[in-house]
Amino acid sequence: MKKGIFIVLASLFITTASYSAPFPLSIKAENGSVKLNKKPERIIVLEFGILDELKLLGVKPVGIGKSDNTEGQDPAHLQNFIKDIPGVGTRDEPSLEAIAKLKPDLIIGDASFVTNILPQLNKIAPTVLLNGILGDPNEQIKNLKILAKITDTEKKVPSIIKHYEAIRNDAIAVAQKSPKKTILMGFVTPSGIFRVLSANAIATPILKELNKENLVKETNVMHRIEMTVEGVLSKNPDQIAILLTDGNKEPFEKLSKNPLWNDLRAVKDNQVYFLDRNIWAKTHGIEAMEIMYKEAKETGFLESKPQGHIIKNN
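Under mature numbering (1 follows the signal peptide of the UniProt record, and there is no 0), the letters of the sequence shown match residues -20 to -1, 1 to 294, in that order.
No wet-lab data here; the hints were simulated from the structure.
If you're wondering where the values come from, they're calculated on a predicted model, not measured in any experiment.
Hints are supplied without guarantee of correctness; some may be wrong.
[Unchecked claim] Now the in silico label distances, taken between C-beta atoms and shown as ranges:
1. LYS83 x THR162: 29 to 35 Å
2. THR50 x SER75: 15 to 21 Å
3. SER214 x GLU283: 26 to 32 Å
4. ALA80 x ASN200: 33 to 39 Å
5. THR199 x LYS83: 39 to 45 Å
6. PRO4 x ILE97: 22 to 28 Å
7. THR199 x THR162: 27 to 33 Å
8. LEU76 x GLY280: 16 to 22 Å
9. GLY172 x ARG22: 42 to 48 Å
10. PRO185 x GLU283: 27 to 33 Å
From the three backbone atoms N, C-alpha and C, an ideal C-beta is built for every residue, glycine too.
Work out the full structure: start from the sequences and follow the hints.
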């Protein structure tokens, strides 16, 4: 009997130990190898995709980078989680003073945003840079595993990935039942300029999974290009996805007043869809991607369901 109890306890110890990250440990990040002497307790996060994945792991930071004033509100799926967390400036231009005031023992940022201030951040606390805002689905899973190792929450990773893959695979299966569609996806500025996601935008490979081809073949450092209605008409996609900032359709209405708008194939076929800019063009964590697949399905975008006459300039 005692021998049996010993075996069970030993098994539990081995299982727990297999998930437990030994400290000190070295993390391989976009800024090289970062040594952490102990499990961090006061983490500051400067990118929404990384924040998204920490949320799934049940780890709450002490400070966060926020949206700038042109991007609208912070992502809805994160708002309740971050409502009591102090902001430290924007994700790409954080305040070093605000960060230092919170006395972090780890800073996690995005390589695309804060590489230029890495020396200053490292003076405050060890800093890990990941590829969050530009990270494709595989990169997001890689980030999740790195974050889990840092926060000693690796035992949660398998169930998170399983849940994500179930939603993703369901969306892909539904999409494959419909004919392939060409598409332009982007958001409209308050002045009515259509900023279309480029070939290297994170949404592009996801659209490809969903049996949709982005007609923008150019790449751009901002992951978008500006396009007139005449430019849209020259490509004449099967579908147009308008990414709304905080649900506001007024900028789109300015764009659609162009007389050429009604000449577009997507407009004639009622294939203009309104989706969430936060999810498709601003944050790319694992939960955000789950919401992306769900939104594509719920809005009819996934199956190319006609959207009615409301998007036409009558």
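Which of the stated hints cannot be reconciled with the structure, identified by number in ascending sequence?
1, 7, 8, 10
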